[in-house]
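Participant: Here is how the chains run, residue by residue.
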Amino acid sequence: MTAPSLRLTEQMFRRRPVIGAPVAHGASDHLKRSIGTFQLTMFGVGATGGTGIFIVLQQAVPKAGPAVLVSFAIAGIAAGLSAICYAEMASSVPVSGSTYSYAYSTMGEVVAMGVAACLLLEYGVSMSATSIGWSGYLNELLNNLFGFQLPHALTAAPLGPDPGIMNLPAMILIIMCALLLIRGASESAAVNSIMVIIKLGVLAMFVAIAFTAFTTDHFAGFWDKGFTGITAGASTIFFTFIGLDAVSTAGDEVKNPQKTMPRAIIGALVVVTAIYILVAFAGLGTQSADEFGSDEQSEAGLAVILQNILHGQTWAATILSAGAVISIFSVTLVVMYGQTRILFAMGRDGLLPSMFAKVNPRTMTPVNNTIIVAAITGLLAGFVPLDYLWDLVSIGTLVAFITVSIGVIILRVREPDLPRAFKVPGYPVTPVLSVIVCGWVLWGLPPITWLWFAIWVTVVLSFYFLWSRKHSALNDGGDGYIPSQVPGDDDVMFVEEPADHHFVTKHKDEP
Amino acid sequence: MTVAVGYLARKCGTSPLYLAVEAARTLKTTLTVITVVPRPWMTPSLGRIDAEYAQYAEQLATDSAKQAQECIDSIADGLEVNYHKVAHRSASGGLLEAAGQLEPDVLILGSAADGKLGQVVAGSTADRLLHSSPVPMAISPRGYRGSRAGGLTRITAAYPGTSDTLHVVERVAALGERLGVPMRVVTFAVRGRTMYPPEVGLRTEDSILEQLAAQARKMLAQLKTDAVVSEDVELQVATGNGWGEALDAADWQDGDLLAIGTSPGGGIARVFLGSRGSKILRHSPVPVVVLPG
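First to last, the sequence lines map onto chains A and B. In terms of our numbering, the numbers along the first sequence are unbroken and rise by one, the last being 511. In terms of our numbering, the numbers along the second sequence are unbroken and rise by one, the last being 293.
Chain B with its partners taken away, still in its complex shape:
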């Protein structure tokens, strides 16, 4: 088993490498840097028209590996690092192929460059993988440079309170126990928007939110009653006017990791990010790991 990270020179910065190094250290395993380069045409031709392109692809792979190596060397000593090159027509396809081959514990990608620093932004590559990856996926926030503590200090599981997502809590609990990292379970409750004209007052959604939060508190407390999680696990209901506010309301700490489950509508044992999952992902201030359903 290994921790795989997708990395390409001049794309999405080094933030995934930092996260990958932390993950490999925490899981006490090796690190594999996957670089997907364009696949040249294999059609033999007299003019060798594609030679330059093949050379470019080769160069890109080498550059990427070199840059990754420089970065990893500067932050991690004594970590076993492998470099894996895949030639494929698409970045996501190549990563999927590599994930199938290597069967890593987790596949890590960076955020796309069009978000703000510190924000988790799923780019087109990550997006496809978030709907098809056979292994857990982690996304680093843009510009992530590791935690000051030097590793994972807490895992936060997002639990909406439906029975089909209980497995997320169970898996995170098992992981937390294995790694000796504290865990907390958070339910996000988002206030519906007020309707105009409201007919029943402008504040009626507040009572719905209140009820939702009360139900969520019950569901969370039930986790302890049913011994799904141990007594020392922190339980929290975070409410807000929107997903952003709710995510802000759950206090985050240095070295936190947010774990979310995926839509049960997806294929068996695949990551298939649902609509709420993608909202949580978008507003998360910490790295997010998305577990297959």
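Okay, chain A solo, but in the shape it has when bound:
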């Protein structure tokens, strides 16, 4: 590795070269534009919908009171605006669709590292936290089915307010997901659809039963928690809309993206928000807002509500818990997948040690990477009560989304002629609005979240200045070619020259 000869600022803001035609052109070669509005909307609903709602009400209702319904709407609008900006970014930069890659290609290395910090925080915390939620619902399910519960010592973290020894089910879930990912198993579109149906079905059941115990009395004092409460609720809720960005990255397979994308994003958003609000509305009608924060409901909240409504009858709670156990499992798998792929991209770009980018030839998956992720998040899930830190997920996502929206503006100014399959409608109002709304939601987060976030970002950026900066793949005098496109057209790659130890493959697109 040659010593960096660039000035620090040059190094910090150098951008990853994008090689290959922009998606707008390149994609049409081997990808058919086949997805229509309805399909894309359903994809969005599937990608976003549901799991967070099993966990979030217990966190958000105590903050916002019954006005949590408004919080949902605000979070939804913020998510929608970001998703639209995300779509333009995805259609103008032909790299795989993570915020990290976009930031690296448009705003420079140090920004990419910051965004990576956000994403790692988002994925890491949400993985650990969902697995803790899973543990709660699993215990509820075991109790209802077999009258048997894992002892408290094995289902609670030692550092929480009610300490146990460790959260064993949460750790087991993470190990299971890691094994599946190492084996190369993946949740297919079909499985995802089934998961969505299970989630929606279970939520529909919840709503139907909850309405039998509905009283408007519980909505008294709707605005009591005030504007601050609503904002705080919105920032906690925000993470339940993660996944909407999946729609944005599907851009180059979409027919007529300029029309389809915003319709699908808004469509998916309306459906998802409606489901959330309906669930929250039904839940709020059954009990007063304060009860959501009670200890009894801190685990498997929705199931406990059902049990209370049905006066101890457990069948409905059992079904709901079963649905939650299945769907939270699938979400944890997907989030862990996202986490390993981000680390993979960073390892490939030289911002993390190259072991993160090593693909095991036997399993054809990044094994080391997956094991490291599983070890860290597993320990976190087992010993730290991260379910109280949902806000960290939201802060990571929000900051990443703000970066994307700013990136859209930067790219428009710097490269106005870049071909874009999709352009944000109402530019420059939309991206600016997106930044403002996300900023507003951010503002509702408590100081402790900001503190943790600041510590984490500082750690990651220190790592960047001490290590990554010197090892970046862009250091090698410009020949650190980073492939951005698939070998789709030329499936066969011939190895011609016998390699020395510095084997850089020529690519046909390489200038």
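It cannot be assumed that every hint is accurate.
[Claimed, not checked] Below, simulated DSS-like cross-link-like pairs (lysine-lysine); rule was C-alpha separation at most 25 Å, straight line:
1. B/116 <-> B/85
2. B/66 <-> A/358
3. B/218 <-> A/470
[Unchecked claim] Each pair of labels, with its calculated beta carbon distance range:
4. A/363 <-> B/9: 42 to 48 Å
5. B/171 <-> A/379: 41 to 47 Å
6. B/225 <-> A/465: 34 to 40 Å
7. A/371 <-> B/177: 37 to 43 Å
8. A/462 <-> B/163: 34 to 40 Å
9. A/194 <-> B/163: 52 to 58 Å
10. B/252 <-> A/418: 25 to 31 Å
11. A/418 <-> B/115: 47 to 53 Å
12. A/417 <-> B/252: 54 to 60 Å
These are calculated hints, taken from the structure and not from any lab test. Just so you know, these numbers come straight off a predicted model, no measurement behind them. Where a beta carbon is used, it is the ideal one built from N, C-alpha and C, also for glycine.
Keeping the supplied structure of chain A fixed, place chain B upon it in accordance with the hints.
Facilitator: Using the frame of chain A, we list chain B on its own:
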């Protein structure tokens, strides 16, 4: 030494015979046709109840030998052919027994009849042997009728790039040198499936594939640097969305033979086909030889 081929009349066609004749010619050795017939009960009984069955078995053996002979005569002149009959309770058991006795260079079987023409399909007999044979096993694609060139024109070694499979490349290189046949080494890289919802974009697996292919190219180039294979050996990385696509992407030619190694998890010096091996086998458009681990 000889080339052994398992053949039974009315089962799996004559494709293994074509492959066996080619193999025997290439290796300049004899050909042994093994026919496994059901073993009648040896219990003496007054009524000789099993006589008819024994007769049937005998007839089957004769028929098979006759059919095989007709076929071989029509395609090969001057090849020394032996016929070997084994009575055994199972086809695979009989073939194993014969393989133990004859110690052939290679044991050849045909594809099962339930695949498409041109496809390699391991039937139940082949499947057991692919997990226990002490000698290399070759499977002919369904309906194989020999190469137009009349023999082997190239051996392709599948090499996943792990150190414990290096022996496959070494053995194929030695064989290629002995027979004077060109060789190539192919690494198959298969794209993982996209996860929904992806969180990191729908295309993220592409970069993993790209990295896998880059690593594979390095490993392959290393073969030449370390002089495991000679300079004129063709090296290739074939990528695809699935095993079928990857196999298609590696260009095949008339008279090609694909050599794969077996799982190191199996017993010593036995064929024990692993999960990836069986996927390669299933999608191969050319005859496959499976080498013991």
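Participant: Of the numbered hints stated earlier in the document, which are not met by this structure?
Facilitator: Hints 1, 2, 9, 10 and 12 contradicted; others consistent.
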